[in-house]
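S.K.: The lines below spell out each chain.
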Amino acid sequence: MNGTLGPRRLQWLNKVPEVTLSFWVVKVLSTTVGETGADFLAVNAGWGQTVTRVAMGSLLALALVIQLRTRRYTPWIYWLAVVLVSIVGTQVTDLLTDGLGVGLYVSTPAFAIALVAVFATWYALERTLSIQSIVTPRRELFYWATVLFTFALGTAAGDLATEALGLGFKLGTVVFGALILVAYVAWRRGANAVATFWIAYVLTRPFGAALGDLLTQARSYGGLGLGAMWTSALFLAVIVGFVALAHANVGSREDRQIAG
Amino acid sequence: MTGRSRRLPFAIATAALAALACAAAACSTKSSDPAARAPAGEAVGQSRNGASRLGDLSPFRAIAADVSSMVGSGDLPAAKARIKDLEVQWDAAEAALKPRAPADWHRLDKAIDRALAALRAPTPNAADSRQAVGDLLQTMDNRGPAKP
Numbered sequence: 002m003n004g005t006l007g008p009r010r011l012q013w014l015n016k017v018p019e020v021t022l023s024f025w026v027v028k029v030l031s032t033t034v035g036e037t038g039a040d041f042l043a044v045n046a047g048w049g050q051t052v053t054r055v056a057m058g059s060l061l062a063l064a065l066v067i068q069l070r071t072r073r074y075t076p077w078i079y080w081l082a083v084v085l086v087s088i089v090g091t092q093v094t095d096l097l098t099d100g101l102g103v104g105l106y107v108s109t110p111a112f113a114i115a116l117v118a119v120f121a122t123w124y125a126l127e128r129t130l131s132i133q134s135i136v137t138p139r140r141e142l143f144y145w146a147t148v149l150f151t152f153a154l155g156t157a158a159g160d161l162a163t164e165a166l167g168l169g170f171k172l173g174t175v176v177f178g179a180l181i182l183v184a185y186v187a188w189r190r191g192a193n194a195v196a197t198f199w200i201a202y203v204l205t206r207p208f209g210a211a212l213g214d215l216l217t218q219a220r221s222y223g224g225l226g227l228g229a230m231w232t233s234a235l236f237l238a239v240i241v242g243f244v245a246l247a248h249a250n251v252g253s254r255e256d257r258q259i260a261g
Numbered sequence: 427m428t429g430r431s432r433r434l435p436f437a438i439a440t441a442a443l444a445a446l447a448c449a450a451a452a453c454s455t456k457s458s459d460p461a462a463r464a465p466a467g468e469a470v471g472q473s474r475n476g477a478s479r480l481g482d483l484s485p486f487r488a489i490a491a492d493v494s495s496m497v498g499s500g501d502l503p504a505a506k507a508r509i510k511d512l513e514v515q516w517d518a519a520e521a522a523l524k525p526r527a528p529a530d531w532h533r534l535d536k537a538i539d540r541a542l543a544a545l546r547a548p549t550p551n552a553a554d555s556r557q558a559v560g561d562l563l564q565t566m567d568n569r570g571p572a573k574p
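Heads up: the sequence lines are chains F and U, in that order.
2 is the number of the first residue of the first sequence in the numbering used here; add one for each residue after it.
427 is the number of the first residue of the second sequence in the numbering used here; add one for each residue after it.
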């Protein structure tokens, strides 16, 4: 039915990366860069919160349009969208908390419910939540809606841990790191792969934030005193390195997908 | 499902991040407590009965005092320029200070926001600025204005 081109040439290849070492490293680091980057623009560069929100929201919309229009996984677009979702997800939570006075005790369960609703709709329509076959526009919209809500939930839950429990970044790094480890062990022992993936995805938000704070905060506050600029530069360099590597590998992955 | 090829990198990534986190947390523990507990030499940033729950606020109070004297002498542009130092340093220290006493942190954060807004108004007003910066200093000294 697809004439001489053959059916596979007209289909999307999986639009999202495989879950590998570099996936999780870049996910954690882009979380940190997202937060420090938004802060830098709003405060240090003097844009203010409103201008930063509008600018980042527009950039995210643009990145998502580009991402949705591609026919295959393109690492730099995908990760640019993740970094921007990280920024905007954080801003949404901050706006609710500081701007509109919605408490974290309300927003945290609300984001959790919204996330469950996205999963329920996704499953009802697609009969799968697989992240290995994001091959249609509808599935990809579900995927990015989920990503946005996991970042909002991760931000709210992390802030709630700070507000309610006084959880600082040192203990926070250990606690959230340990929870990610629990998700990993559960997955190894046969727990649902999709569920453990998204749980880990939520947890990497507060983990990445705490890890970033550990590096940026002054030594007198118990951090390593690298400062926001050097930490962001270091993390950004690592991200760029991994993304460049992913670009080099993308060709071989597509060959496998087309062959398979 | 590709089995081990997916699991192994996840294991390495998790272990590496956990190791980095533990190492960093361990080696930074020693330096953390003095800042939290050390009573400041002066009566700034403290309640009457001891150190502020937020720790030593004297670096922030010193900037606020500068801003206050600039506003007092009517130099609002200089005050506007100087208060940015407070904004930047306060923001940079958020992760360290906020968990110590979230409610106190928010109260002071709002007071800083109000002082920033007054000095950054399209046409800054000397009386409003003096009021906002005065409230800020009072909040830092834990004798804050009555409003919540």
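No lab work stands behind these hints: they were computed from the structure.
Note that the coordinates shown come from a computational prediction; the quantities given were computed from them, not determined experimentally.
C-beta atoms are modelled at their ideal positions from N, C-alpha and C, and glycine is treated no differently.
Check each hint, because a few of them may be wrong.
[Said to hold, decoys possible] Not the full set, but computed from the structure, chain F residues with beta-carbon under 10 Å of chain U: (1) T51; (2) V52; (3) V55; (4) W77; (5) Q218; (6) S221.
[Said to hold, decoys possible] Per the computed footprint, the stretches of chain F lying under chain U, defined by three or more beta-carbons under 8 Å from a beta-carbon of chain U, are: (7) 80-94; (8) 232-238.
S.K.: Of the numbered hints stated previously, which ones are contradicted by the structure, given in increasing order?
M.R.: Hints 1, 2, 3, 4, 7 and 8 contradicted; others consistent.
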